[in-house]
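A.B. asks: So the chains spell out like this:
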Amino acid sequence: MHNCTETKERLIELVLDGRSAETSELNACAECRAEFDALNMTLRLTSRLNETAAPAESYWSGYHARLREKLATAPNPSHAEKQRRKEKLGPLFETMRLCVRTQVRVPLPLAIAVIIACLALGVFAVRRAETPVAQPPLLVQAPVQVPVVQEKVVTRVVYRDRRSSSRNSRRAINDDAQTESTFAKSRTSSTGEIPASLNGFKPADEIKLTVIKGGSPYEK
Amino acid sequence: MAESDADLIKRAQAQDLDAFCALAERYARRIHLLASHYCQNTQDAEDLSQEVWLKAYQAVQTFRFDSSFYTWLRRITINTFLNHRRSNFFRWRGQSTVVQLLPIDLDDSGELVGSSSASPENIYNKLLFENVVNALAELTPSQRLAFLLRHYEGMSYDEIANAMNCSTGTAKKGVWRAIGKLRARLSPDSHEPEPLIDLASEY
Chain F
1021 MHNCTETKER
1031 LIELVLDGRS
1041 AETSELNACA
1051 ECRAEFDALN
1061 MTLRLTSRLN
1071 ETAAPAESYW
1081 SGYHARLREK
1091 LATAPNPSHA
1101 EKQRRKEKLG
1111 PLFETMRLCV
1121 RTQVRVPLPL
1131 AIAVIIACLA
1141 LGVFAVRRAE
1151 TPVAQPPLLV
1161 QAPVQVPVVQ
1171 EKVVTRVVYR
1181 DRRSSSRNSR
1191 RAINDDAQTE
1201 STFAKSRTSS
1211 TGEIPASLNG
1221 FKPADEIKLT
1231 VIKGGSPYEK
Chain U
1195 MAESDADLIK
1205 RAQAQDLDAF
1215 CALAERYARR
1225 IHLLASHYCQ
1235 NTQDAEDLSQ
1245 EVWLKAYQAV
1255 QTFRFDSSFY
1265 TWLRRITINT
1275 FLNHRRSNFF
1285 RWRGQSTVVQ
1295 LLPIDLDDSG
1305 ELVGSSSASP
1315 ENIYNKLLFE
1325 NVVNALAELT
1335 PSQRLAFLLR
1345 HYEGMSYDEI
1355 ANAMNCSTGT
1365 AKKGVWRAIG
1375 KLRARLSPDS
1385 HEPEPLIDLA
1395 SEY
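Taken in sequence, the protein lines are chains F and U. Just add 1020 to the spot in the first sequence (first one is 1) and you have my numbering. Just add 1194 to the spot in the second sequence (first one is 1) and you have my numbering.
Only chain F is shown next, with the shape it has when bound in the complex (with noise of 0.2 Å):
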């Protein structure tokens, strides 16, 4: 089915690419046929000026001379690359220059103390900089191991004969007073030192051990 309107959009790029109307759609439309006639003639009058609007060939010779006088003056390409690095760089540059050059008069006292406390920011920044920032401590929720000393308790027991009990009394006072020698014996000695033999300890016959349980969590 012929669409005029859709037709006349194509027209245009069918006559840029210089294709002859030769389609059944323009033959049979009349309308698309004299828009495609109408658009045809005018881009060839745009073409016919691209032939008119050249030079005369006596022109050509004045513009080279002129171009070529424009490249002689022209900055080299290698210097003309600089220039533009420079071109690109010169707002910052002008700005540094400005700031070095710029003289301002400042009374004496006042600038001491600018110096001086420009210097005490600086001293003040450098040993905040030395000083190590303290890390939040890291909490870790781990389940410790304490080691608990189990306690021995060594339980002498001692029989003894009732019916030989003045006896022993008697023995017991003896052995207190020979106890009590031997104490100050030793404290006579200690004088100098405590003796470090175990001179005079009898172990007991029989040993009874207790072994306190509970102190860990992992012991029944």
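Just so you know, the hints here were simulated from the structure itself, not pulled from any lab data. Just to be clear, a hint being listed does not mean it is correct.
[Claimed, not checked] Quick list of simulated restraints, FRET-style, between CB atoms:
{"id": "1", "chain 1": "F", "residue 1": "His1084", "chain 2": "U", "residue 2": "Ala1378", "range": "37 to 43 Å"}
{"id": "2", "chain 1": "U", "residue 1": "Asn1356", "chain 2": "F", "residue 2": "Arg1148", "range": "54 to 60 Å"}
{"id": "3", "chain 1": "U", "residue 1": "Arg1269", "chain 2": "F", "residue 2": "Asn1096", "range": "19 to 25 Å"}
{"id": "4", "chain 1": "F", "residue 1": "Gly1142", "chain 2": "U", "residue 2": "Gln1255", "range": "46 to 52 Å"}
{"id": "5", "chain 1": "F", "residue 1": "Leu1141", "chain 2": "U", "residue 2": "Thr1265", "range": "56 to 62 Å"}
{"id": "6", "chain 1": "U", "residue 1": "Ala1208", "chain 2": "F", "residue 2": "Gly1142", "range": "49 to 55 Å"}
{"id": "7", "chain 1": "U", "residue 1": "Asn1356", "chain 2": "F", "residue 2": "Ala1076", "range": "32 to 38 Å"}
Since this is a predicted model, take the numbers as computed values, not measurements. Even glycine gets a Cβ: it sits at the ideal position worked out from N, Cα and C.
Knowing the structure of chain F, use the given hints to seat chain U on it.
C.D. replies: Just chain U now, kept in the frame of chain F:
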């Protein structure tokens, strides 16, 4: 034997002005033609085309032989056109119509006959092409540039869009609008003198 473009470019990159001028002589007409269609004024066209050559000379070191020299040069030309459009360079801007009559009074050998020749055919020619130039001047600079690149340079819409830094749709619309305006201005059903239309149809 004529030196190839590549040899001339290499010599120009080595700061050989003669080699660059030889390149300019090869392509100056095409660039000048584009410029004269674009700015509609002979003096502006010369200034603009020479500025293109100046820029090309300063940038010739950056040419990497990725494309043809003319493609590279055309890119510089388009950028120069666009920059001048922004900088309000052209003399026709702000004026209703500025027409620089083109040197069409040429004899068969291509020499100028003289502006005094007033044969009917010459008068018609002048009227005809004055009309075409005026029609082109009525386009916006973007439309004119898109039209020139499509019609005279045969560039695709993608290439035009890339060169003009716009979308393909915008480039296509620009060309179509330009042709629509030119058609309205130059077509037989516009209000133009009959002899002009008859003469145009002869071409």
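A.B. asks: Would you mind marking each hint as holding or not holding in the structure?
C.D. replies: These are the hints, each one checked on the structure:
Taking 37 to 43 Å as the suggested C-beta distance range, the pair His1084/F and Ala1378/U conforms, at roughly 40 Å. Between Asn1356/U and Arg1148/F the C-beta distance comes to about 55 Å, which sits within the given range of 54 to 60 Å. The supplied range of 19 to 25 Å is met by Arg1269/U and Asn1096/F, whose beta-carbon atoms lie about 22 Å from each other. One distance hint, 46 to 52 Å for the beta-carbon pair Gly1142/F and Gln1255/U, holds here, with the actual separation near 47 Å.
At about 60 Å, the CB distance of Leu1141/F to Thr1265/U agrees with the hint of 56 to 62 Å. In this structure, Ala1208/U and Gly1142/F meet the distance hint of 49 to 55 Å, their C-beta atoms being roughly 54 Å apart. Range check, Asn1356/U to Ala1076/F: Cβ separation about 35 Å, and the 32 to 38 Å hint holds.
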